[in-house]
Amino acid sequence: MTREELLGKVKAQLKEKILNFYERSPRRVYITVAPEDAFQACRFLFEECGGRLATASGVDTPDGIEILYHFVMDGQGMVLTVKTKIPTREDPRIRSIATFLPGALWIEREVHEMLGVEFEGHPDMRRLLLPDDWPEGKYPLRRDFKGVEG
Amino acid sequence: MKRTMIPLGPYHPLLEEAEFFQLYVEGETVVDMDLRIGYQHRAIEKLSENLHFDQVTFLVERICGICSTSHPIAYVQALEDIAGVEPPERAKYIRSIVGELERIHSHLLWFGLAGHFIGYNTVFMWAWKYREPVLDIFERITGNRNHYAVMKPGGVRRDIHPDDVPELLRMLDELEPKVKMFVDVALDDPVLHARLKGVGVLTREDAIRYCALGPTARPSGVAIDVRKDHPYAAYDKVDWDIVVMEEGDVFAKAAVRLLEILESIKIVRGCLEKMPEGPIDAGLEEVPPGEGIGHHEAPRGEVFHYVRSDGGNSPVRHKVRAPSYMNIPTFKATCIGQSVADVALITASVDPCYCCTERMMVVRDGKGRTMGWNELVRLSKEKTERIKRELGMEEPNWDLPEVSFRRGER
Amino acid sequence: MSIFTKALKRSIWVYHVAASPCNNCDIEILDLLTPRFDVERFGILLVGSPRHADALLVTGYINRHVAPRVVEVYRQTPKPCVVFAVGTCACSMGIFAKSYNAAGPLDELIRSVDPEALIVYVPGCPPKPEAIISAVVKAISAL
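Protein chains in written order, with the working numbering: chain A, 1 to 150; chain B, 1 to 410; chain C, 1 to 143.
Bear in mind the hints are in silico, worked out from the structure with no lab data behind them.
It cannot be assumed that every hint is accurate.
Subject to a maximum C-alpha distance of 25 Å in a straight line, what follows is the list of computed BS3-like cross-link-like pairs (lysine-lysine) [as the list claims (entries may be wrong)]:
id: 1; chain 1: B; residue 1: 129; chain 2: C; residue 2: 128
id: 2; chain 1: B; residue 1: 332; chain 2: B; residue 2: 381
id: 3; chain 1: A; residue 1: 17; chain 2: A; residue 2: 85
id: 4; chain 1: B; residue 1: 46; chain 2: C; residue 2: 9
id: 5; chain 1: C; residue 1: 98; chain 2: C; residue 2: 9
id: 6; chain 1: B; residue 1: 180; chain 2: B; residue 2: 388
id: 7; chain 1: A; residue 1: 85; chain 2: A; residue 2: 146
id: 8; chain 1: A; residue 1: 146; chain 2: C; residue 2: 98
id: 9; chain 1: A; residue 1: 85; chain 2: A; residue 2: 15
id: 10; chain 1: B; residue 1: 383; chain 2: B; residue 2: 197
id: 11; chain 1: A; residue 1: 138; chain 2: C; residue 2: 98
id: 12; chain 1: B; residue 1: 46; chain 2: A; residue 2: 146
id: 13; chain 1: B; residue 1: 197; chain 2: B; residue 2: 332
id: 14; chain 1: B; residue 1: 2; chain 2: B; residue 2: 332
id: 15; chain 1: A; residue 1: 138; chain 2: B; residue 2: 46
id: 16; chain 1: B; residue 1: 266; chain 2: B; residue 2: 180
id: 17; chain 1: B; residue 1: 197; chain 2: B; residue 2: 388
id: 18; chain 1: B; residue 1: 46; chain 2: A; residue 2: 85
Can you make the complete structure from the sequences, with help from the hints?
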């Protein structure tokens with residue numbers, strides 16, 4: 001599958017679910033979808049397009065938490081990123097993709113403890129990186145984080 | 001059969017992310033396992049948001065001491081992706097040379113440790129002995145044995161002096177026969193065959209499902225390599241091959257790593273031959289607003305950096321994904337069904353370098369007994385001895401006296 | 001000189017405590033055992049338990065998760081003992097000083113349980129193996 005065929009396939013499958021399609025360069029493509037469509041988009045990229053999930057980055061923005069699923073397309077020499085924004089910072093929730101992709105188990109756990117995103121359907125939402133005595137409700141990668149005590 | 005839980009850990013200090021294992025065993029067989037990491041969590045992603053873009057290069061260098069140039073390569077590529085700057089040709093070659101020398105020293109380091117785990121301490125001493133000249137060359141061309149500080153957004157910070165090139169070539173000429181000897185010894189040794197073949201198999205399906213990377217995925221038949229699939233630096237300008245095997249067992253992982261050293265030597269030679277004269281820095285002064293991705297094939301697999309900038313002096317968000325982060329969860333697929341004596345080996349085959357002593361507790365009927373990591377290594381060594389006896393190699397006369405690294409076992 | 005100090009100065013056995021390092025100092029410490037440096041010829045031996053150790057080689061800045069464990073290891077070491085802070089991170093926390101996960105510098109942590117503790121600083125990122133050997137020699141002659 002060439003790069004153009006792959007992008008055509010993605011566009012044909014996700015159609016109007018793609019809110020924004022941005023080709024930054026031949027090697028970097030960003031697709032924006034709504035949070036409820038992210039699961040389907042990721043599943044399609046992994047199962048049908050041969051994408052390899054590199055990681056998911058969570059970004060804290062003033063109007064919500066953005067989650068970026070970076071899929072590396074090794075056959076096409078391209079990184080295809082699925083962007084989605086959960087429009088709330090109070091108790092953000094999104095459907096877990098670890099149910100079909102075990103590689104995402106740790107990635108989602110990390111986003112959960114660093115940014116406080118709840119992944120629905122994730123089998124194991126325990127702490128991964130932070131110490132056991134870390135206070136609940138403190139998320140170090142949020143903008144308003146001022147240290148453990150503060 | 002009674003199920004026993006073996007906690008193993010908590011920290012494996014030579015890995016950038018330490019883990020705490022809980023092995024659930026029935027008799028000799030591992031039936032389940034659980035991992036807890038975070039013992040080395042240093043908040044790099046948060047620190048990075050408070051540093052200048054140039055300073056972050058040195059911060060990401062300190063994520064890992066073994067692959068200490070891989071993270072900077074990925075990071076500066078992410079910045080170049082944001083700014084749309086291409087590094088000069090000569091800088092690309094220097095990046096490849098430093099990256100490949102690092103792979104050589106990292107794989108030798110791993111091979112030595114793997115030898116130690118199965119009771120071949122001679123291999124440990126030899127592999128580390130041959131690793132030293134690589135570090136000497138690093139000291140010569142970059143100024144430090146580790147943490148080379150060569151990368152810079154838009155290029156490299158140091159040129160390779162023409163006087164150093166013959167030294168570098170001489171080192172490679174001396175190293176190559178030694179590595180070939182390792183390859184012959186390892187791939188032909190009947191004990192290693194009996195000990196490593198069929199142990200800890202990671203199937204192709206599992207490798208894909210767990211998104212395994214680098215020398216953990218390639219022995220399972222997944223032919224991925226960032227250097228080939230997403231050409232950067234000078235990797236598309238020289239001739240080399242990806243090493244792929246199909247078996248997915250510990251033996252294949254060892255073989256892939258050893259053969260990769262030879263490929264790396266090939267790449268360094270090719271780069272030195274073709275390296276053009278010219279500037280080494282494209283001068284990336286300001287990072288415009290935007291987001292960028294950089295990835296590099298580190299010795300253990302793909303390193304992935306995502307950087308978002310708002311046009312200021314520091315990243316707004318900097319996401320780092322080290323290769324072991326994806327490779328360690330594969331233990332769940334490889335260790336289950338194996339014997340306890342093999343666990344040390346299987347976990348080591350992913351190259352998380354367990355060298356320092358761990359503490360583990362065997363809980364039987366509520367009465368605890370503390371075992372060390374030494375104990376696991378001892379179990380592993382006993383199995384090797386048993387295999388040797390079965391193969392009729394009672395007292396092999398070629399085995400030199402055990403040299404060192406006994407660590408309190410006396 | 002007490003009999004303990006005299007005994008300590010003979011063959012020094014060290015225990016390696018890795019407290020959230022980046023691996024680099026740890027690799028250099030292991031490097032000391034291998035043929036190029038081979039510290040065992042001086043009787044310096046890496047041991048598997050702090051209870052056998054005369055000296056602790058601590059690497060890394062101390063994070064919150066590891067701090068209680070480092071203190072516990074120090075408590076288990078027979079006194080008198082020497083603590084080596086190997087690398088810039090262990091000496092002064094280095095580049096990680098502002099990390100949210102930092103528990104404090106090693107010397108303060110050790111002195112909080114034992115104000116008399118003998119701490120030797122080996123700066124460098126990472127210190128060269130020669131520097132670590134030299135630090136051990138200096139510590140022995142200072143005792």
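Hints, verified against the model:
1. Proposed proximity of residue 129/B and residue 128/C is supported: the alpha carbons are some 16 Å apart, at most 25 Å.
2. Distance restraint check for residue 332/B and residue 381/B: the Cα-Cα separation of roughly 23 Å lies within the 25 Å cut-off, and the hinted pair is therefore satisfied.
3. About 14 Å separates the Cα atoms of residue 17/A and residue 85/A, which keeps this hinted pair within 25 Å; it holds.
4. As the CA atoms of residue 46/B and residue 9/C are separated by approximately 44 Å, the hinted pair breaks the 25 Å bound.
5. Of the supplied pair hints, the one linking residue 98/C and residue 9/C is violated, its CA atoms being roughly 37 Å apart against a limit of 25 Å.
6. For the hint linking residue 180/B to residue 388/B, the alpha-carbon distance of about 24 Å falls within 25 Å, and the restraint holds.
7. A threshold of 25 Å between alpha carbons decides the hint, and for residue 85/A with residue 146/A the separation of about 24 Å falls inside it, so the pair holds.
8. A distance of roughly 12 Å separates the Cα atoms of residue 146/A and residue 98/C; the hinted pair therefore holds under the 25 Å criterion.
9. The hinted pair formed by residue 85/A and residue 15/A meets the criterion: a straight-line CA distance of about 19 Å does not exceed 25 Å.
10. For the hint linking residue 383/B to residue 197/B, the alpha-carbon distance of about 14 Å falls within 25 Å, and the restraint holds.
11. Using a Cα cut-off of 25 Å, the hinted pair residue 138/A and residue 98/C holds, with the two alpha carbons roughly 17 Å apart.
12. Pair hint residue 46/B plus residue 146/A holds up; C-alpha atoms about 11 Å apart against a cutoff of 25 Å.
13. Proposed proximity of residue 197/B and residue 332/B is supported: the alpha carbons are some 19 Å apart, at most 25 Å.
14. Proposed proximity of residue 2/B and residue 332/B is supported: the alpha carbons are some 21 Å apart, at most 25 Å.
15. For a cut-off of 25 Å, the pair hint linking residue 138/A to residue 46/B stands: about 14 Å separates their Cα positions.
16. Proposed proximity of residue 266/B and residue 180/B is supported: the alpha carbons are some 13 Å apart, at most 25 Å.
17. For the proposed pair residue 197/B and residue 388/B, the alpha carbon gap of about 15 Å is at most 25 Å, so the pair holds.
18. For the hint pairing residue 46/B with residue 85/A, the CA-to-CA distance comes to about 21 Å; that is within 25 Å, so the pair holds.
Hints 4 and 5, counting from the list given before, are not met by this structure.
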